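Residue numbers (this note's numbering), protein chains in the order written: chain P, 21 to 307; chain G, 626 to 1260.
Check the hints yourself; a few may be wrong.
Think about it this way: if two alpha-carbon atoms lie no more than 30 angstroms apart in a straight line, the pair counts; the simulated DSS-like pairs of lysine-lysine are [claimed, not checked]:
#1 1110(G) <-> 77(P)
#2 1218(G) <-> 218(P)
#3 745(G) <-> 27(P)
#4 1110(G) <-> 1192(G)
#5 218(P) <-> 77(P)
#6 218(P) <-> 1110(G)
#7 1192(G) <-> 73(P)
#8 1138(G) <-> 286(P)
#9 218(P) <-> 73(P)
#10 51(P) <-> 73(P)
#11 27(P) <-> 51(P)
#12 1138(G) <-> 1218(G)
Source of the hints: derived by calculation from the structure; they are not laboratory data.
Bear in mind the structure is a predicted one, so any value in this text is a computation, not a measurement.
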Amino acid sequence: MTIPWDKMAIGAAALLCAPLLGALLQGLDRKLTARIQGRQGPPVVQPFYDFFKLLGKEQLLLNRMQVLYAWLHLAFMAITLMLLVLGQDSLMLLFVLAFSTLSLVLGGMCVRSPYSRIGSQREILLMVAYEPVLILMVVGFYLVNHSFSIACVWQADQPLLLRLPLLFLALLAVAAIKLQKSPFDLATSHHAHQEIIKGITIEYSGPALAVLELAHFYETALVMVLLALFWATNWWIGAGIALGAYLLLVIVDNACARLTTAWMFKFMWTVILGLALTNIVWLYLSK
Amino acid sequence: MNPILLWLLVPGPILFGLLALFCPGWRSRGTVAWLAGLTTAAAGIVLAGSWGNALTYELPAVLGPVSIILELAVMVWIVGIAWKIRSTSVAIPGLLQLGFGVATVVLARQGGGHEAAPGKLLADPLAMLLVLVISIIGSLIVIYAIGYMRNHDAHAPATAASNNRFFFVLIAFLGLMNGLVLCDDLRWLAIFWECTTLCSFFLIGHDGTPEACNNAKRALLLNTWGGVAMAGAGCWLAYRGQAETLTQVMAGGLLLPVALLSFAALVKSAQMPFQSWLLGAMVAPTPVSALLHSSTMVKAGSYLVLRLVPAFGPTQLAAVLAIAGGFTFAVTSAIAISQSNAKKVLAYSTIANLGLIVACAGLNTPLAYAAALMLLVFHAVSKSVLFLAVGAIEQGIGSRHIEDMSGILRKMPLTASFAALGMVSMMMPPFGMLAAKWMAIESAVNSPLVLMLIIIGSALTVFFWSKWIGRITTISYHPSYAIEKLRLTMLAGMAVITVGVLLSGGCCMWFYKAACRPMAEAVFSADLIQSQWTLLESASQTVLWPIFAVVLVLLFALLGPFNRLRKEQVRLPFMCGENVTDARFTFEFRSLKDLPETAQVTSYYFSPILGELAISSWANPVAALILATLFGVLA
């Protein structure tokens, strides 16, 4: 067996660059949010400062399981990103991503803290709400490219967005959930001002919290690449679409109130799932 | 096929069971159960050793008339039980079945020729796979049962039947199941089919409480209706003058027997609207649930559906079957969310996964068939360890409610780890169940409705498993842990199956490549395989073990930080700064009037929307309509 050096190089580059990208985007988010709210805001590199400060703190915990789950969350988020840039099976990618999120959920659930338990359960609900949309997105990929492999998406000669416009809209809602943006920031949010305080991550601190922050950098980058996939024929346009979508989500985040879980679930399983399904039905009919 | 092997697999366990019937005490009973388990498992492994070439064995001629007598005797026995428990509702299907049985004999005699054919045994890869599952997992459950029943004895109700009868039925069950998957003749199939029904009737009713008797009766009632369908299939074949063998059903092109046999299979694998018998089965001692849910009984249904796949062809029958299975998968996964009783959650999850197997069989493509095989095997492994662990937990903490299981990781670290691992293996990569679900979704991509049902079901599955794992791994800081004391047999049963679970994580794609894919390619036509070639191939090339490696490396890397954690680093959860901070280190907070109150959060259940009654009130009629369509498309 020959070692695929080129693939390993791509993987290593993604592993190094993705957290930088994710952190910068989060810095941008904080700056933009501050400006919308009439504040000066922190510098764009603030997420890096926060991350290294957390690493230097003493580790305080409630039990031993917490650290394990935090690391599992990070490891599987990084693996998901690798699967994506290396063009592996898109459905398996979703399952690994789900494993990563579940580790986060279990990390919040393994302590006897009311706030983090409620946050965890809300996170599962969010997962159940968006998972069908993501799987339908993958089905959409298959119907367009006749393959589940993401490598085929990279090599497609026509942008996916033209065939999957409604699925892209549905994916925006999923991206809002994954990036913890209002009106979907039910389980935890960037701002510790909700009724369950910091929710799922409230019992994490110091280095363990830094691990979770790093995982979220990866997650942000992952969502960006997923959005950019819809125009994979030209990287500049793809990146532009992803960045535009990100800025849109930040603005929506500031313009919207957080809504209830019941509302979220109904919205996701009617409007958003409906959008995705309509797009799939189009594809079946136009085959 | 070696007759000694057959003796060990089919009559062997039954004879060991008879031996158990005359055991004076636990020492001899335990010995018999160990012997039965070990020989059956060994024979199963030896049989699977000749993988790849289908073995046949012509039964001696004397068994021809014997089989007719046996079949009628079993049917009469069921009517007799109906008489004994004074149940008209059981008597009706019992008599119907007997009528079909007699009619079959008469019709075959008129048709001339093969009425007393002794039949043959057929060990092809599908049968061998089933024999492996039955004889290995079933045997481990029997061994576990030795310890469990000794504990159970202490608090069993006075009405409970004797342990001798229990072990007789439990051990004989394995032989009957082996017979069921090995025979090709419909008459033998019906005999074993009815006998497994009777076994579950006796095992479910073991405790003799009114609830147990009632649930046993329901199991007998529903499964006898399945038996009626099977007897009807035999009768129709005899009427059309065809040989009553599964091979004939496959080759004959008659769709009515196929539909009837599928119906029987759906009843046996507790598909909606027949799920109630399997849910009622949880009143039995836990080894019974483990046996019924993982390696025997319900798997007979899955086996039959998979056996019939070549007979479906491109018919509407298969499409309806796929929808019926997918519907059960989605709906029972939803109900499982609303359940707080651990055994009920497991039961609904079993029904859901059997639904997925039926859906895969109905999808009728090579990849779906391979997925169904993987589901069948890996579900048996994971579900058996889950039931055994829940049984041990129930005996340990005196409750089977999920909400009572927090802190179990400290009280029973070993059992809790087995259970947590079992749950993880039901839904997370890189374990076999997830790989199978992945293939199921990929192969359903051309059947939109089934695809949607499977997607919704998978999403809901995540919910109930993760909230349960979260409950089990909830733990507060303790400087050290003590391993709980379990009976050796219980520990042995659980530990060996847990090794199997780990193997299913490490080798599931190898299993696909080595067993499932060749079996699927043997069943389907060349052009169907060609049309799915890319999907089959991309599944072959998938490697999942790196995921496993990452988890293992992380676990070992974290052992250091785990042990370094000192008491001074441990904090109480955040309670808005109102924690009761005293030497006791509790989870109390200061409430009104400064009174201490313990903080508790229970899980989401959504009972008003997802409760059993709320859902089955509309889902059972819908499922019945889908089943009616099964026969409608024949016209």
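Consistency of the hints with the structure:
no.: 1; hint: 1110(G) <-> 77(P); in the structure: violated (40 angstroms)
no.: 2; hint: 1218(G) <-> 218(P); in the structure: holds (27 angstroms)
no.: 3; hint: 745(G) <-> 27(P); in the structure: violated (55 angstroms)
no.: 4; hint: 1110(G) <-> 1192(G); in the structure: holds (27 angstroms)
no.: 5; hint: 218(P) <-> 77(P); in the structure: holds (19 angstroms)
no.: 6; hint: 218(P) <-> 1110(G); in the structure: violated (40 angstroms)
no.: 7; hint: 1192(G) <-> 73(P); in the structure: holds (24 angstroms)
no.: 8; hint: 1138(G) <-> 286(P); in the structure: violated (41 angstroms)
no.: 9; hint: 218(P) <-> 73(P); in the structure: holds (19 angstroms)
no.: 10; hint: 51(P) <-> 73(P); in the structure: holds (20 angstroms)
no.: 11; hint: 27(P) <-> 51(P); in the structure: violated (35 angstroms)
no.: 12; hint: 1138(G) <-> 1218(G); in the structure: violated (67 angstroms)
Violation of the numbered hints given earlier is confined to hints 1, 3, 6, 8, 11 and 12; the remaining hints are satisfied by the structure.
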